[in-house]
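*Asks:* In case you want the letters, here they are:
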Amino acid sequence: MEKKDTQWPLWEIFIQANPGIPHKHVGSLHAPDAELAIQNARDVYTRRNEGISIWVVEAKNIRASSPEDIGSFFEPANDKVYRHPTFYKVPDGVKYL
Amino acid sequence: MEIHKALFEYCLRLADSSLILGQRLGEWCGHGPILEEDIALTNISLDFVGHATALLQYAAKVEGKGRTEDDLAYHRSEREFKNVLLVEQPNGDYAKTIARQFLFDTFQYYYYQALQESKDETLAALAQKSFKEITYHLRHSSQWVLRLGDGTAESHERIQNAINDLWMFTGDLFDMDEVDALLIKEGIAADPGQVKQKWNDHVAELFKKATLQMPAPTYMQRGSREGKHTEHLGYLLAEMQYLPRTFPDAKW
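From first to last, the protein sequence lines are chains Z and Y.
Quick note: the first sequence uses the working numbering, first residue 1, plus one each step.
Quick note: the second sequence uses the working numbering, first residue 98, plus one each step.
Hints were generated in silico from the structure; no laboratory data involved.
Glycine is no exception: its CB is placed at the ideal position from the N, C-alpha and C atoms.
Some clues are possibly wrong.
As the list claims (entries may be wrong) - Derived lysine to aspartate or glutamate pairs resembling EDC-like cross-links, with alpha carbons at most 20 Å apart:
1) Y:Lys229 with Z:Asp43
2) Y:Lys306 with Z:Asp43
3) Y:Lys229 with Z:Asp33
4) Y:Lys229 with Z:Glu50
5) Y:Lys162 with Y:Glu99
6) Y:Lys158 with Y:Glu177
7) Y:Lys226 with Z:Asp33
8) Y:Lys305 with Y:Asp247
9) Y:Lys306 with Z:Glu50
Said to hold, decoys possible - Label-pair restraints from in silico Cβ distances:
10) Y:Ala347 with Z:Ala59: 22 to 32 Å
11) Z:Thr6 with Y:Gly189: 35 to 45 Å
12) Y:Thr232 with Z:Lys24: 50 to 60 Å
13) Y:Ser252 with Z:Ile38: 29 to 39 Å
14) Y:Glu323 with Z:Ala17: 43 to 53 Å
Claimed, not checked - Which chain Y residues face chain Z? A few, computed with CB under 8 Å, are given here:
15) Glu133
16) His237
17) Ser239
18) Arg244
19) Ser252
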């Protein structure tokens, strides 16, 4: 049987909480287009002062790595301590590092 | 007419329009056409109830008889409500709710823009505070009028019919009586006459973009300033006031 999805497209929502920090993924919602996705995101995700900026991306435009890639992508980093910046002292007052 | 009596009456009019529209939008809770719009409409509903609360508090203070905002909201009868006729019209389908919302939001946008200049400091401050919310409401309803008007043949027909049905209640928005005249003279009230042209221009412009027709001039229903309402308000009040009237000491 053919599966029909009559819902509006899915949008992924990113909210910036304060100036200078990255937009963070907060969830998703349905909307017919980008403008209404922003309006819906405002109502669903920022009613309690959570943000100052909203990005919306239609979910179909996101490419993701596959679970099968975990081994070849991420494990080689495990045994290379010199790639981790643990040998520095972070100066006081540096935020969001 | 004494100024403080006129001011009380004026606050009730502003408050009641927000309260009744808030109640109407609240009826969508759990029934929205899609989850996101359900949240948007009830969110907007709460904005209106918030405006109404602040205005009724001020009305009660101006009246000076010890009534509270809850007394005014729950213990006045239909003829004592002074909301404009447009906002008490039933929700109908989503197109009708959006058409009603857009026609009222546009009015409230220009009216509260003017009210921010009021010589009454409390009203000016309340208008300023509400204006950001109203700006968002107008954006929301405008975007939907555009999409329904310029959407499918069915959505176009539904929103056009809704606009045609509601048009006869738009004249009432701009009516004036001695309360308005006195308070405009005192620099307290905003002048609906000055808002009318802006309202008309904005509505005409958006309808054009949405491929919708401005309805032809028609007979306008009037009477909200005297508390004369359409038959729909009584039912709305019965539901809204049921609990505090049946259980007067109920707390929640």
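*Asks:* Indicate, hint by hint, whether the structure satisfies it.
*Replies:* Evaluated hints:
1. At most 20 Å may separate the alpha-carbon atoms for a hinted pair to count; Lys229 (chain Y) and Asp43 (chain Z) meet this at roughly 14 Å.
2. For the hint pairing Lys306 (chain Y) with Asp43 (chain Z), the CA-to-CA distance comes to about 25 Å; that exceeds 20 Å, so the pair is violated.
3. At roughly 24 Å between alpha-carbon atoms, Lys229 (chain Y) and Asp33 (chain Z) are farther apart than 20 Å, so this suggested pair is violated.
4. Distance restraint check for Lys229 (chain Y) and Glu50 (chain Z): the Cα-Cα separation of roughly 17 Å lies within the 20 Å cut-off, and the hinted pair is therefore satisfied.
5. A threshold of 20 Å between alpha carbons decides the hint, and for Lys162 (chain Y) with Glu99 (chain Y) the separation of about 16 Å falls inside it, so the pair holds.
6. A distance of roughly 18 Å separates the Cα atoms of Lys158 (chain Y) and Glu177 (chain Y); the hinted pair therefore holds under the 20 Å criterion.
7. About 30 Å separates the Cα atoms of Lys226 (chain Y) and Asp33 (chain Z), which puts this hinted pair outside 20 Å; it is violated.
8. This hinted pair checks out: Lys305 (chain Y) and Asp247 (chain Y) have alpha carbons roughly 10 Å apart, not beyond 20 Å.
9. For the hint pairing Lys306 (chain Y) with Glu50 (chain Z), the CA-to-CA distance comes to about 34 Å; that exceeds 20 Å, so the pair is violated.
10. For the pair Ala347 (chain Y) and Ala59 (chain Z), the supplied restraint of 22 to 32 Å is violated, since their beta-carbon distance comes to about 46 Å.
11. Checked against the given bound of 35 to 45 Å, the beta carbons of Thr6 (chain Z) and Gly189 (chain Y), roughly 22 Å apart, lie outside it.
12. The hinted range of 50 to 60 Å is not satisfied by Thr232 (chain Y) and Lys24 (chain Z), whose Cβ atoms lie roughly 26 Å apart.
13. Between Ser252 (chain Y) and Ile38 (chain Z) the beta carbons are some 21 Å apart, a value that contradicts the proposed interval 29 to 39 Å.
14. The hinted range of 43 to 53 Å is satisfied by Glu323 (chain Y) and Ala17 (chain Z), whose Cβ atoms lie roughly 50 Å apart.
15. With 8 Å as the threshold, the beta carbon of Glu133 (chain Y) comes within range of chain Z, its nearest partner Cβ sitting at about 4 Å, so the hint holds.
16. Taken as an interface hint, His237 (chain Y) checks out: its beta carbon lies about 6 Å from the nearest beta carbon of chain Z, inside 8 Å.
17. Because the smallest distance between the Cβ of Ser239 (chain Y) and any Cβ of chain Z comes to about 11 Å, over 8 Å, the interface hint for this residue is violated.
18. Hint status for Arg244 (chain Y) relative to chain Z: holds, with the closest Cβ pair at about 7 Å, below 8 Å.
19. The beta carbon of Ser252 (chain Y) comes no nearer than 11 Å to any beta carbon in chain Z, farther than 8 Å, and the hint placing it at the interface is violated.
Hint violations for this structure: numbers 2, 3, 7, 9, 10, 11, 12, 13, 17, 19, all remaining hints satisfied.
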